[in-house]
Amino acid sequence: MSTTTKVPLERKVLSENDHLAAELRAEFARHGIHCLNLISSPGSGKTALLERTLAAFDPARRVAVLTGDIQTDADARRLARYGFPVRQITTAGACHLDARMVAKALEGWDLATLDLLFIENVGNLVCPTSYDLGEAAKVVLLSVAEGEEKPLKYPGIFFKSKLMVLTKTDLLPYVPFRLDDAIANARAIQPDIEILQVSNTTGEGLDKWLEWIARRT
Amino acid sequence: MHELGIANSILEAVETEMRPHPGARAVKIGVTVGALSGVDRDSLAFCFQAIVKGTPFESLALDVRDAAADELELNSLELEEPEP
Numbered sequence: 000m001s002t003t004t005k006v007p008l009e010r011k012v013l014s015e016n017d018h019l020a021a022e023l024r025a026e027f028a029r030h031g032i033h034c035l036n037l038i039s040s041p042g043s044g045k046t047a048l049l050e051r052t053l054a055a056f057d058p059a060r061r062v063a064v065l066t067g068d069i070q071t072d073a074d075a076r077r078l079a080r081y082g083f084p085v086r087q088i089t090t091a092g093a094c095h096l097d098a099r100m101v102a103k104a105l106e107g108w109d110l111a112t113l114d115l116l117f118i119e120n121v122g123n124l125v126c127p128t129s130y131d132l133g134e135a136a137k138v139v140l141l142s143v144a145e146g147e148e149k150p151l152k153y154p155g156i157f158f159k160s161k162l163m164v165l166t167k168t169d170l171l172p173y174v175p176f177r178l179d180d181a182i183a184n185a186r187a188i189q190p191d192i193e194i195l196q197v198s199n200t201t202g203e204g205l206d207k208w209l210e211w212i213a214r215r216t
Numbered sequence: 000m001h002e003l004g005i006a007n008s009i010l011e012a013v014e015t016e017m018r019p020h021p022g023a024r025a026v027k028i029g030v031t032v033g034a035l036s037g038v039d040r041d042s043l044a045f046c047f048q049a050i051v052k053g054t055p056f057e058s059l060a061l062d063v064r065d066a067a068a069d070e071l072e073l074n075s076l077e078l079e080e081p082e083p
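Going line by line, the protein sequences match chains A and B. Per numbering that gives the first Met the number 0, the very first residue in the first sequence carries number 0; after that it's consecutive. Per numbering that gives the first Met the number 0, the very first residue in the second sequence carries number 0; after that it's consecutive.
Because the hints were derived from the structure by calculation, they are not lab data. Note that this is a predicted model, so its numbers are computed, not measured. Heads up, the beta-carbon is just placed ideally off N, CA and C, and yes, glycines get one too. Do not take every clue at face value.
Unchecked claim - Partner residues are not named here, just some residues of chain A that face chain B (Cβ under 10 angstroms, in silico): (1) 1; (2) 11; (3) 13; (4) 15; (5) 83; (6) 93; (7) 97; (8) 129; (9) 130; (10) 153; (11) 157; (12) 188; (13) 195; (14) 198.
Stated by the list, open to error - Between beta-carbon pairs, the in silico distance windows are: (15) B/79 with A/29: 44 to 50 angstroms; (16) B/48 with A/151: 27 to 33 angstroms; (17) A/84 with B/20: 46 to 52 angstroms; (18) A/109 with B/45: 41 to 47 angstroms; (19) B/40 with A/191: 25 to 31 angstroms; (20) A/14 with B/20: 16 to 22 angstroms; (21) A/148 with B/49: 29 to 35 angstroms; (22) B/49 with A/89: 21 to 27 angstroms; (23) A/215 with B/42: 34 to 40 angstroms; (24) B/62 with A/207: 45 to 51 angstroms; (25) B/14 with A/31: 35 to 41 angstroms; (26) A/29 with B/57: 44 to 50 angstroms; (27) B/83 with A/191: 52 to 58 angstroms; (28) B/75 with A/69: 33 to 39 angstroms.
As the list claims (entries may be wrong) - Dumping the calculated DSBU-like pairs for lysine-lysine here, alpha-carbon to alpha-carbon at most 35 angstroms: (29) A/103 with A/207; (30) B/27 with A/152; (31) A/152 with B/52; (32) B/52 with A/5; (33) A/11 with B/27.
Isolated chain A, as found in the complex (with noise of 0.2 angstroms):
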């Protein structure tokens, strides 16, 4: 004979990653740094935007980037031309950063030498948003190439995120984007979300992404 039990557990089944990103934006906050989550696409140009505001920053910038990727070092060596700290996390095969490889890649780092931290996640737009890496904020970039329905696709991300940039807008007089509708959709998911646009080639409105930087920092 046996007998049945109901076990309450009542807990998050990645309480895990939560408790180890809890510890990381502990240590964040008390080194006053800002951690900024990058996610989108794989090529919706998270890697450019860093480029374009790493090269706008001052070279005294208490900056570092952390850049992951499934494989290769490429956006690392992209990044580290700017002069500032820069580490790859190659996730061998995972579709997403969590926080134990964000911890990991701190290892070795003086944070007291840091006030600005962006991670930017394995080009990803669904996994990345089950895993908080201890950030202040998450930002969604999508490219006006890949469709103005994304966010309807892909609610997730955009119902996580603080800001959505939307990226390529260069593009916007080739591709049949609607610019409205994406971002009507956007608002759909989350009604409070910002929303910036910028061309990396151009460098249209990145005055705004880096004011946007500078109020939150």
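Since the structure of chain A is provided, determine the placement of chain B on it from the hints.
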């Protein structure tokens, strides 16, 4: 694609919960998955089946229910304990 990682986290939680219940058999684990959680239910069920196969948890049922927004939670674990 990350449902395999989510399935692993669920199984790890079950293993942790079973430790205080030696001799018991895990019957059903209940999780709630919100539409905005970024987790695909079918994919999660598929991955879960794949990782429990050939383990003591092969007969453990995964009970997935809808939830609000981005919720992704463990609800309850049903286990069978031998009568003392």
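Comparing the hints with the structure gives:
| no. | hint | in the structure |
| --- | --- | --- |
| 1 | 1 | 5 angstroms, holds |
| 2 | 11 | 5 angstroms, holds |
| 3 | 13 | 6 angstroms, holds |
| 4 | 15 | 7 angstroms, holds |
| 5 | 83 | 30 angstroms, violated |
| 6 | 93 | 7 angstroms, holds |
| 7 | 97 | 8 angstroms, holds |
| 8 | 129 | 5 angstroms, holds |
| 9 | 130 | 8 angstroms, holds |
| 10 | 153 | 8 angstroms, holds |
| 11 | 157 | 9 angstroms, holds |
| 12 | 188 | 8 angstroms, holds |
| 13 | 195 | 22 angstroms, violated |
| 14 | 198 | 28 angstroms, violated |
| 15 | B/79 with A/29: 44 to 50 angstroms | 47 angstroms, holds |
| 16 | B/48 with A/151: 27 to 33 angstroms | 30 angstroms, holds |
| 17 | A/84 with B/20: 46 to 52 angstroms | 48 angstroms, holds |
| 18 | A/109 with B/45: 41 to 47 angstroms | 44 angstroms, holds |
| 19 | B/40 with A/191: 25 to 31 angstroms | 28 angstroms, holds |
| 20 | A/14 with B/20: 16 to 22 angstroms | 20 angstroms, holds |
| 21 | A/148 with B/49: 29 to 35 angstroms | 32 angstroms, holds |
| 22 | B/49 with A/89: 21 to 27 angstroms | 25 angstroms, holds |
| 23 | A/215 with B/42: 34 to 40 angstroms | 35 angstroms, holds |
| 24 | B/62 with A/207: 45 to 51 angstroms | 47 angstroms, holds |
| 25 | B/14 with A/31: 35 to 41 angstroms | 39 angstroms, holds |
| 26 | A/29 with B/57: 44 to 50 angstroms | 46 angstroms, holds |
| 27 | B/83 with A/191: 52 to 58 angstroms | 55 angstroms, holds |
| 28 | B/75 with A/69: 33 to 39 angstroms | 36 angstroms, holds |
| 29 | A/103 with A/207 | 33 angstroms, holds |
| 30 | B/27 with A/152 | 31 angstroms, holds |
| 31 | A/152 with B/52 | 32 angstroms, holds |
| 32 | B/52 with A/5 | 23 angstroms, holds |
| 33 | A/11 with B/27 | 17 angstroms, holds |
Consistency note: the structure conflicts with the earlier hints numbered 5, 13, 14.
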